[in-house]
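**Student:** Using the hints, position chain B against chain D.
If you're matching them up, the sequences are chains D and B in order.
Be aware that the first sequence starts at 1, since it is given in my numbering, and climbs by one per residue.
Be aware that the second sequence starts at 1001, since it is given in my numbering, and climbs by one per residue.
Calculated directly from the structure, the hints in this document are not laboratory data.
Glycine included, C-beta positions come from ideal geometry on N, C-alpha and C.
One should not assume that every hint holds.
[Unchecked claim] Distance condition first, Cα-Cα at most 25 Å in a straight line; then the derived DSS-like pairs of lysine-lysine:
hint : chain 1 : residue 1 : chain 2 : residue 2
1    : D       : K2        : D       : K381
2    : D       : K83       : D       : K107
3    : D       : K380      : D       : K12
4    : D       : K2        : D       : K380
5    : B       : K1142     : D       : K110
6    : D       : K107      : B       : K1142
[As the list claims (entries may be wrong)] Just a sample of chain D residues kept apart from chain B, beta carbon distances all over 10 Å, derived:
hint : residue
7    : I14
8    : L142
9    : V221
10   : F249
11   : L272
Now for the letters of each chain:
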Amino acid sequence: MKILNVALYECKSILHNLPILMVLGGGIFLYGLLYNYMYSPNVLRDVPVVVVDESHTPLSRHYIRLLDATPQVRVQGVVNDLKEARERTRKGEALGITFLPADFDEKVGKGDEAVFVTYNTTVAFLYYAALKEAFSGAMLALDDEVRPRQVVFLASQVVPAIANIRDIQVQGIALYNESGGYASYLIPAVLMVILFQTMLMVISMRCGEENERRMRPLWRVTGHGSSWRTAVSIVIGKSVVYVGFYALFSIFLIGLLPLVFDLPHLADPLLLVQLLTPYLFATVFFGLACSPFFTDSDAPLLLIAFFSVGLLFLSGISWPLELMPWPWRVLHSLLPAPVGTLAFVKANSMGATLVDISSEWSLLWMQCVAYFALACIVYKKY
Amino acid sequence: MNRDLINVFLRELRRMTSRRIYFASCLVLPLFSLLFMATLFGNGQMEDLPVGVVDEDNTSASREIARRVDATPTLRITRHYANETEARRDVQRKVIYGYLLIPSGFTEKAGNNQEATLCYYYHNAMLSVGGELRSTFETLLKQVSVTPIVTQAMAMGADEASITSFLMPITEDDFPIYNQNRNYTIYLSQPFFFIFLQILVLLVTTYAIGSERKYGTGGDWLQSAGGNIGIAVVGKLLPSSIIFICIGVLANWVFFGWMQIPLSGSLWAMNLAAILLIVASQALALFLYSLFPVLGLVISVVSMVGSLGATLSGVTFPVAFMDAPVHAASFLFPVRHFMEVVQSLLYEGGSLADYGMSLIALLLFLLPPAFLLPRLKKSIGLNSSTALRSHKNSPSVYRESILEEGEGVEAIIQR
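Bound-form chain D, shown alone (with noise of 0.2 Å):
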């Protein structure tokens, strides 16, 4: 009955608090449309990259047009020195320079290696991949048409030796995000983060309101006393209703949102209800476990809201679990936002199955049975 009542209570204290509304509604709703709209273009296509053509022949201008044609890359201005080439990508004006240097087609002339240097922005990696693979996949195909012109320059006993002998085909194939997109890629996180995150809000404004209040409200439902039962109802009654309101929520960002963005969605339905079961009541509990730190309701918005994109590193999927240092993988298993994060990722983007995100979801439930012990402990504490 007590946990009835401390959840009709937590229910109406929410639905009347304007702050929460907003972080609810802005948080949930605007934020993940906004981030769906913010990286639709997904790849990159037609980057600026500057040519530096030092030998001026057809081979270099077909070179060029072969560049050109590749859908990463533009070709934003042919010049004559290096020098006004790197005028250009300090204006910001391109990306990437391409050198073919004067003995470019001499070079191809005589059978020998014709070098053409390639110097690529590292501003953002994301360039970088573009360009490499716009440059080599020119770079291939200047060989192939190139190539049976240069057998005369082979010993004549050589080329009838290996004219027919075939080489190895190699072949690259991405497993899951084939199209290589960034959305694809980063959304999926950041919508777990962001469940995360506003429900941690939304738990810290209301604890804050409560703290500041000495929590007399609560105990006008419970009755003052310092029971385990009390402390068992209050944790328990408050963790349904967010629980409940974040189910919904979920539907909107984890099930509708890639369906509607057209990001993966590999997991079977009941596969994320049973992921974000754990998931959802290990932050709840955590939120509650931190409510002593809530004292007012405004500042802890401002230390939880910094944490978002740390949160996002934590969870692996930028920079693998494997290479950070340890004190960092620690943290990561201690808190439900990475692990869930990671997990979700796993399960929807990569169809992975109850079983292959055991280590995860253990974890999780792992979580939940401590965050709720040390929930209760604090709401005993009042």
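**Tutor:** Frame of chain D, contents of chain B only:
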């Protein structure tokens, strides 16, 4: 010096030392983010990424290929699989990040001039790891793929140089302009530290000003500034500006001095940009609060603005490639202009002519809040009468004023 300014300054220092939240947000969290960004990437190199080999062929040639994969610094073979299903499953469990498949009969086919294929699979749901795997495999296997031809030609008496030149008449030499080793510490640490810092600056500023109204101490604040709202604001924000600027300069020293991240441009310019970022972020927070002076609401807006800065700074995904409205909106974020300066200094060794505009843009952020100062003053005056008596900001005074504030918020919302 202006006496009122000193008054407000000292008053703010007292407030800051009386509450843990300032200690946490002005010192603990910035230093934590410095530690986090400086150490998270280890040595910054993606190396020894665990991969697997599915060697269905199991000949000395196939083992040699596997050995060469293992010998690259980027990859480390942690598992050998008998069939592809197991390997695929381990990728799914993220035990390995990719694998090389050498099909059965591979050596025989290659030897008998039949079509032989090598397949590598890489994990692209984790984009940065996948990219690294892909380029390593590609470079390595390109050499492997021509071995049958090279072997045959050499058996016929051709020298290796002429045969490779025949196979690849044109080769490229890859020179990254900056950060040759593609070190993640160089790429991410310093920019992301300042992304974290600007979130804190935005939030602390909003909270510092908003809490005056919330706890009904606005009148006292104005009074200590002799009723001049300009002095009140400057004196109030100055202590946290000084702290944040010290931390920003310290961070630049840690990254470019102690950790020896190469910096092409001047460190002075980098520090100047950091100072301007901090001041501009304070101005932005002040502006947003003046627009809508209710702490509980505006602080959630500001926290969104802060984390959007991470996206719109253009460190990870270039802003210029986002939709036009997003691109345009990014100019409203101080951190965007700061990153323009950072990238110019880091990568291009830019001079003032290159990033001067961005510095000016950061300065422009100071203007809008200045115009709203009268509005801010009015909002502070609204419910300050009750608080004039409270000179010391003891927690008990805070708590008593809460109930009045609660009604104040609702009154504002109804208006």
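**Student:** Kindly indicate which numbered hints from before are broken by the structure, ordering the numbers from low to high.
**Tutor:** 8
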